[in-house]
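Participant: Chain order of the listed sequences is P and Z. Per this note's numbering, the very first residue in the first sequence carries number 1; after that it's consecutive. Per this note's numbering, the very first residue in the second sequence carries number 1; after that it's consecutive.
Don't read these hints as lab results, they were simulated from the structure. There may be inaccurate statements among the hints.
[Claimed, not checked] Straight-line C-alpha distance at most 30 Å; calculated DSS-like pairs for lysine-lysine:
1) Z:LYS22 x Z:LYS49
2) Z:LYS49 x P:LYS57
3) P:LYS9 x Z:LYS109
4) Z:LYS109 x Z:LYS77
5) Z:LYS22 x P:LYS57
6) Z:LYS109 x P:LYS57
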Amino acid sequence: DSGVTQTPKHLITATGQRVTLRCSPRSGDLSVYWYQQSLDQGLQFLIQYYNGEERAKGNILERFSAQQFPDLHSELNLSSLELGDSALYFCASSVGDRGQVGANVLTFGAGSRLTVL
Amino acid sequence: AQSVAQPEDQVNVAEGNPLTVKCTYSVSGNPYLFWYVQYPNRGLQFLLKYITGDNLVKGSYGFEAEFNKSQTSFHLKKPSALVSDSALYFCAVRDFGSNYQLIWGAGTKLIIKP
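The shape of chain P in the complex, shown without the other chains (with noise of 0.2 Å):
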């Protein structure tokens, strides 16, 4: 357990509909990362939060939305689903803030898995 907790693990829908992910970063980590990966694109970074704060943005697609809320934890949404959006999504956390080298060590979660049907 990487004390990285992330819910659903699996996830199918159908296309045009809308999903939440859910994550709960380690204790003490005030970094929340978003990352999809898929077999074509590979790793792909989304979004980071810090302490709440959106920090730093990557191809997160406009569908596509996240926050973290006061206790630390996040939310990514996912709107309009299109079969492309199939994907393991992973949530991971770090201490520091964008800049710091403590940054880069991330912890991950698990992932969740999105089917989109």
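Here the structure of chain P is known, so what remains is to put chain Z in place on it, guided by the hints.
Facilitator: Using the frame of chain P, we list chain Z on its own:
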């Protein structure tokens, strides 16, 4: 643009033999380099990092990596492979642009045969 390449999609090694997983990078300035491992149905785990100092970096599970500035490489090594080392290995480099995030290689599947 900064990038990292893992030239081998898959590496096959017999148990007990030394293993090497290759990584090359392209950055402006001094690189911050990382290796992560992903076991089947698991999230990635941090193995080791190079920031500065000794070119040979030791990490978890007996792995080490050698930083070579002239060859812009950061190869992952282990003297004696175990079947349990079979996994997907990712090399990454810090992006010193605006977001300081990791730029990831495509991953190398390591298969250790008994």
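Participant: Confirm or reject each hint.
Facilitator: Do the hints match the structure? See the list:
no.: 1; hint: Z:LYS22 x Z:LYS49; in the structure: 15 Å, holds
no.: 2; hint: Z:LYS49 x P:LYS57; in the structure: 23 Å, holds
no.: 3; hint: P:LYS9 x Z:LYS109; in the structure: 23 Å, holds
no.: 4; hint: Z:LYS109 x Z:LYS77; in the structure: 14 Å, holds
no.: 5; hint: Z:LYS22 x P:LYS57; in the structure: 29 Å, holds
no.: 6; hint: Z:LYS109 x P:LYS57; in the structure: 28 Å, holds
Consistency with the previously given hints is maintained throughout, with no hint failing.
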